[in-house]
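Q: With the hints as a guide, dock the two chains, each given alone in a separate frame, to form the complex.
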Amino acid sequence: MAGHGLPHGSTYEPTTAFGKWLDARLPITRMLYAQAVDFPTPRNLNYWWTFGGILSFFLVAQIVTGVVLAMHYQPSAAAAFDSVEAIRRDVNFGWLIRNLHAVGASMFFLAGYIHIFRGLYYGSYKAPREVLWIIGVLIFLVMMATAFMGYSLPWGQMSLWGVTVITNLFSSLDSIWKGLGTTIVEWLWGGYSVSGTTLNRFYSLHYLLPFVLAGLVGLHLWALHVVGQNSPTGLDIKTASDAVPFTPFATSKDAVGMFAFLLLFCWFAFFLPDYLGHADNYTPANPLVTPPHIVPEWYFLPFYAILRAIPSKLGGVIAMFAAIAILLFVPWLDTSKVRSTKYRPVYRWFFWLFAFSAVALGWLGSKPPEAEYVFWARVFTIYYFAHFLIVMPLVGWLETPLKVPGSITEAVLGKSQSAKLAPAKS
Amino acid sequence: MKRVQPRWRVAAGALLATLAVAGMGGAALASSEGTHIERQDWTFGGFTGQYDQAQLQRGFQIYQQVCSACHGLKRVRFRNLAEPGGPQFPEDSVKALAKAWPYQISGELDDQGNPIDRLPGLPDPIIGPYKNDVQARAAQNGALPPDLSLIAKARNVEQESAWYSQWFYMLRDIVIGYQEGGPDYLYALLTGYHEPPAGVHVAEGMNYNVAFPGHQLAMPPPLSKDSFVEYQPEAGIKGSLDQNARDVSAFLAWSADPTLDARKRLGWQVMLYLLITTILLYLVKRKIWSRVKH
Numbered sequence: 000m001a002g003h004g005l006p007h008g009s010t011y012e013p014t015t016a017f018g019k020w021l022d023a024r025l026p027i028t029r030m031l032y033a034q035a036v037d038f039p040t041p042r043n044l045n046y047w048w049t050f051g052g053i054l055s056f057f058l059v060a061q062i063v064t065g066v067v068l069a070m071h072y073q074p075s076a077a078a079a080f081d082s083v084e085a086i087r088r089d090v091n092f093g094w095l096i097r098n099l100h101a102v103g104a105s106m107f108f109l110a111g112y113i114h115i116f117r118g119l120y121y122g123s124y125k126a127p128r129e130v131l132w133i134i135g136v137l138i139f140l141v142m143m144a145t146a147f148m149g150y151s152l153p154w155g156q157m158s159l160w161g162v163t164v165i166t167n168l169f170s171s172l173d174s175i176w177k178g179l180g181t182t183i184v185e186w187l188w189g190g191y192s193v194s195g196t197t198l199n200r201f202y203s204l205h206y207l208l209p210f211v212l213a214g215l216v217g218l219h220l221w222a223l224h225v226v227g228q229n230s231p232t233g234l235d236i237k238t239a240s241d242a243v244p245f246t247p248f249a250t251s252k253d254a255v256g257m258f259a260f261l262l263l264f265c266w267f268a269f270f271l272p273d274y275l276g277h278a279d280n281y282t283p284a285n286p287l288v289t290p291p292h293i294v295p296e297w298y299f300l301p302f303y304a305i306l307r308a309i310p311s312k313l314g315g316v317i318a319m320f321a322a323i324a325i326l327l328f329v330p331w332l333d334t335s336k337v338r339s340t341k342y343r344p345v346y347r348w349f350f351w352l353f354a355f356s357a358v359a360l361g362w363l364g365s366k367p368p369e370a371e372y373v374f375w376a377r378v379f380t381i382y383y384f385a386h387f388l389i390v391m392p393l394v395g396w397l398e399t400p401l402k403v404p405g406s407i408t409e410a411v412l413g414k415s416q417s418a419k420l421a422p423a424k425s
Numbered sequence: 000m001k002r003v004q005p006r007w008r009v010a011a012g013a014l015l016a017t018l019a020v021a022g023m024g025g026a027a028l029a030s031s032e033g034t035h036i037e038r039q040d041w042t043f044g045g046f047t048g049q050y051d052q053a054q055l056q057r058g059f060q061i062y063q064q065v066c067s068a069c070h071g072l073k074r075v076r077f078r079n080l081a082e083p084g085g086p087q088f089p090e091d092s093v094k095a096l097a098k099a100w101p102y103q104i105s106g107e108l109d110d111q112g113n114p115i116d117r118l119p120g121l122p123d124p125i126i127g128p129y130k131n132d133v134q135a136r137a138a139q140n141g142a143l144p145p146d147l148s149l150i151a152k153a154r155n156v157e158q159e160s161a162w163y164s165q166w167f168y169m170l171r172d173i174v175i176g177y178q179e180g181g182p183d184y185l186y187a188l189l190t191g192y193h194e195p196p197a198g199v200h201v202a203e204g205m206n207y208n209v210a211f212p213g214h215q216l217a218m219p220p221p222l223s224k225d226s227f228v229e230y231q232p233e234a235g236i237k238g239s240l241d242q243n244a245r246d247v248s249a250f251l252a253w254s255a256d257p258t259l260d261a262r263k264r265l266g267w268q269v270m271l272y273l274l275i276t277t278i279l280l281y282l283v284k285r286k287i288w289s290r291v292k293h
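For the record, the sequence lines run as chains L and G.
Position 65 (the first sequence) corresponds to 64 in numbering that gives the first Met the number 0; numbering is contiguous.
Position 140 (the second sequence) corresponds to 139 in numbering that gives the first Met the number 0; numbering is contiguous.
Hints listed in this document are in silico derivations from the structure and should not be mistaken for laboratory results.
You may find that some hints are simply not true.
Claimed, not checked - Under the rule of at most 30 angstroms between Cα atoms (straight-line distance), these lysine-lysine pairs were calculated in the DSBU-like manner: (1) L:Lys414 - G:Lys224; (2) L:Lys237 - G:Lys284; (3) L:Lys312 - L:Lys366; (4) L:Lys366 - L:Lys237; (5) L:Lys237 - G:Lys237; (6) L:Lys402 - G:Lys292; (7) L:Lys336 - G:Lys263; (8) L:Lys341 - G:Lys130; (9) L:Lys341 - G:Lys292; (10) G:Lys224 - G:Lys237; (11) L:Lys237 - G:Lys130; (12) G:Lys286 - L:Lys414; (13) G:Lys98 - G:Lys130.
Every value quoted in this text rests on a predicted model; they were computed, and no experiment measured them.
So that you can see chain G by itself, here it is in the shape it has in the complex (with noise of 0.2 angstroms):
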């Protein structure tokens, strides 16, 4: 190991600072695309974080009075609501929701074989105006609005840095759990619209998001500062923009991942039952090799 030529050396490392000085030339340009997302505090962020389910309830509230004008749900059933974990609303109060959700489940017949509407009940998936994609097309412009119930994994922040430093970006994020990529984008995305800057011409019937790629956006802006919604005194909240998107991003989190507490829970059972296990055998381990030099 020691006897190492210094030649060799020299020649490893010249080739490694070429390498390295080509590199962030390249990393520079790279870099200037993109918009940067902020990251948001989320209680369920990290490898710790739990959902808050206050925060749940207001997001779901959003969700009710202001996304499913447009946007289904329909991998979240109405059960799910009640369930802990989720928003955990009383069953009573998702029963009378379900009861009196605007929109009804089709598709199904009666015992005359004609096909019939119904209104929803608590097995029934949180469904949104349109019955198809057709439908939602024509009445949105030719935009569809996408179902929500994945949006918060569908989407995700991508880390733009230089090949030396990525490295580090990685690792980071693999130490404190981060995962939290959708809701931070989503959170971008509802407080995102500004005026365009001058000189930006935006398309008939789009609207201008920082946040969204291309900086163009059928959806006009669901929230605003001057129009957002309001919380029930009880929730000891006020409402705003920023809390409205902050609290709907959460729900599209739950919406998007239902499990997660569990999932952490369960997770640190087994990591304490891993990290005892690992010890023990390797005192084990040591106990046997001692018997040998090795």
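Next comes chain L alone, as it looks inside the complex (with noise of 0.2 angstroms):
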């Protein structure tokens, strides 16, 4: 794998008997060593960038916590809510799987938008990275259909009832071709309304996609390690002083980020279990009573107040899938020369602008579809899709952008120390 900044060999020499056998048939080892110690990492890289080794953790974590809750959950409509319910007073430290399992969707959620967000502030979707970027949004994607089936297990009432509401959404497409929706709805949902079959092919699902997601990571961690990382100076490595090895240095930095943010998992995950969920779903689901207010999990109400902003129901799921597809073709959308918006003094505020529009629009969802939200949330859509759409192509022919400077080591060291060039030691 010839790295786009700087080619990078492995510098592993087996030392063993075995390790040399080894290294003659299935050069593993090497190639493990050439990724993950001698990889080069620009060496100014912040803490934004631990997200990246968070979220892998993450999705180590949820399989693992998954699989054990599959040995004592039981997927069928009688059945679902009591043998949760047994889990978490009967299985030994079942409670604890348990909140670890659905608290830990939400913080993979969480790393999953700092890293979005990291990834639209450093501009690291632009050349030649756009393959990386795609692949992150497909992830992004899987990811919520993997907790979207998994909130449905528990089979409470905001289970049957947000699978209700959200399958239903394809129902709208009739109005294209009468009975396109109908069918498709039907065919999700295996009968003619949310039932016991479709928690089973909804568990069925939220087991297979996890590995569908590791797979996209791989190529995603692939194509990292292709073109290298992005840094803070938006700049690519050029040079041997720009990088550090990411063993010990990033791995260091990595591990720190990760158990501040474990720190925080764990806070919820002991003493605030529910509180990222909702009430309504310590109720059995019950097709005969619908809650009062239908809300997805928080990490879905941005998306869900966008379905609600457009007046037309196939307009709203448009705007909804048109929100994440959008960010497929961020890398073409954004016209500017520099990449990091660091250096990007007017695109900063327009930056953040959509940062807020974006949280504006998780608590709109939030709330009731009633008048003043609606106009918020109406407000906020039209925002959302211009930031992409109208700022980010115009204010990147427009601006002027600040001076960047020639390398990250002149970023760090300033220019006449850099002229020297002093190699990084490792």
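A: Right, dumping it as structure tokens:
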């Protein structure tokens, strides 16, 4: 794998007889050494870069806790709710595993959103990282599908009605081609309403998709290790002095970031396990009683607000999916020559306005769809799309960026010192 | 960073100000609905709180003497009443309690294949008077008395506040570890039966309650100022509507979350471990990075 920035071979030399024997047959240690130890990392990465590692941890953690939960969970409409309660009450440390899994999903998304906003701020989507970015968007999409299906599994009121509302969205396709939407919805449900059949298939997919996710993460990492990491200056590694070896430098920093994030995770898992959920999901699913407010989990709220902001049902569905799909085109919508928002005095304001809009949409998504809330959801929905479709291309053309340092080394050491190109010792 | 053109700054400021002013109007409109539910002081509240064993015992007494006339507690088993972290009654008393429980376990077969009813034992759920929901509704004028095992988690108090202050309240609740919306609501409900205000018509068979959404509730007041449960003299505490409501809400909080004590205790060990490890890792990181300017 030739690096885009700096070529890096493996400095691995097997020392043991077994190591030499294996290296001649399957040089996996050599490969891992090249990617996890020697891999050149920009020397100026800040803590926002630790979220990639945090996300990998959460994928593994969710799979591990999920596999244990699956040993006790019963995916049927009659038994699902009771089996989750049995896990909480009767399985040894079942309450812990279940809290870690449920809160873990929220933390996975929190880390994911931070990772996405970091990429947007520092222009990590720009050439040559378009494919890396697109795989990231696909990961986000699969994560959403996995989480949505996972939320149906406890089979409480919010599980049932959340699934009903979201799957029903597809029925809006009826207005394009009569019967198309209904057919799709019935096919998704496996019947004429959300039922135990739906629960069973969602369980099956909920177990499958994390492994799809793992595959996509593999590609994401592969693409990352081909093009190299972006940096806060938006500059690539050009010379040896721009970089430090991944281990011990990035590894040690990632470890700090991860443990700090684990503190937050465990605070919620141990002291606030239900804070991020909804009380209605402690009432068993009942198709005859609709909860007063059907609200998705917090990480879907901005998209839920966009859905409800559009007056037509089909329009709302299209806008909601477009809000995610538009991320795929960001590498080409941003016309700026400069990557990092650090050097973009005008765009910086729009970036924070976008972040504000996304949070505001999240808040509005948690509110009932009434007059003022819908009005503001429309305002922020308009900005959400305008940010990508108008601001990104226009500001990129019109703005005069600040002066970007010549290299990462120059940004860190200043011009005079970097002239000497003091190589970073490992 | 210093070279931001002032007109951009003015434009962004003006936009934010507009949003703020307009948003306040919307928030004022939103906060007029719903009843304010007072937060109570619970021994198990916040990130350090633990259940008060004596209170759980008193709370069970209220459940047994009042609530269990209509409501089951099926996810709690008799044996749970003797376990640590709960009321922790002596096992013999719980055995005797189960044998004297007024409602029998049904649906099992004898060795001839005939359906039988039998007395519950330690491993059996604490059931209510009704065999199923249809029977319950038939006996209760169409209303269904819900099972109470999870009621403290299935109810919550919505924090209604304006968009600019809600973040502060959310952050405060996260920092103090507030998760007692359920018991707060139950306490407010049990003490919330009042004469309806003038002009409010209460439907036939319904009761006025300030805490209940919509204010009309089928359940008649289970406790009142004049009719409440007296505790045993050795409890050292006098019965009253307020005390009964507080104790049974705490007991129902335990029924919904019987592992709370263990969870918070382990939580502190985990937090301590993570904190120390984070600090050590930070020092390691600093040492490693001291070799290069970054």
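Q: Give a verdict on every hint.
A: Cross-check of the supplied hints:
1. Proximity of lysine 414 of chain L to lysine 224 of chain G is assessed by CA-CA distance (about 81 angstroms); at most 30 angstroms being required, the pair is judged violated.
2. For the suggested pair lysine 237 of chain L and lysine 284 of chain G, the alpha carbons sit about 25 angstroms apart, so the restraint of at most 30 angstroms is met.
3. A threshold of 30 angstroms between alpha carbons decides the hint, and for lysine 312 of chain L with lysine 366 of chain L the separation of about 18 angstroms falls inside it, so the pair holds.
4. The hinted pair formed by lysine 366 of chain L and lysine 237 of chain L fails the criterion: a straight-line CA distance of about 49 angstroms is larger than 30 angstroms.
5. Using a Cα cut-off of 30 angstroms, the hinted pair lysine 237 of chain L and lysine 237 of chain G is violated, with the two alpha carbons roughly 79 angstroms apart.
6. Taken as a hint, the lysine 402 of chain L and lysine 292 of chain G pair is honoured in the structure, with Cα atoms around 22 angstroms apart against an allowance of 30 angstroms.
7. Note on lysine 336 of chain L and lysine 263 of chain G: the hinted pairing is violated, with a Cα-Cα distance of about 52 angstroms set against a maximum of 30 angstroms.
8. Note on lysine 341 of chain L and lysine 130 of chain G: the hinted pairing is violated, with a Cα-Cα distance of about 67 angstroms set against a maximum of 30 angstroms.
9. A distance of roughly 20 angstroms separates the Cα atoms of lysine 341 of chain L and lysine 292 of chain G; the hinted pair therefore holds under the 30 angstroms criterion.
10. Only pairs whose Cα atoms come within 30 angstroms are accepted, and lysine 224 of chain G paired with lysine 237 of chain G is accepted, the gap being roughly 13 angstroms.
11. Between lysine 237 of chain L and lysine 130 of chain G, the direct Cα distance comes to roughly 76 angstroms. Violation of the 30 angstroms bound is thereby established for this hinted pair.
12. Our distance criterion of 30 angstroms between C-alpha atoms is met by lysine 286 of chain G and lysine 414 of chain L, whose separation comes to about 26 angstroms.
13. Restraint check for lysine 98 of chain G and lysine 130 of chain G: the C-alpha separation of about 18 angstroms stays at or below 30 angstroms, so the hint holds.
Comparing the model with each numbered hint stated earlier shows that hints 1, 4, 5, 7, 8 and 11 do not hold.
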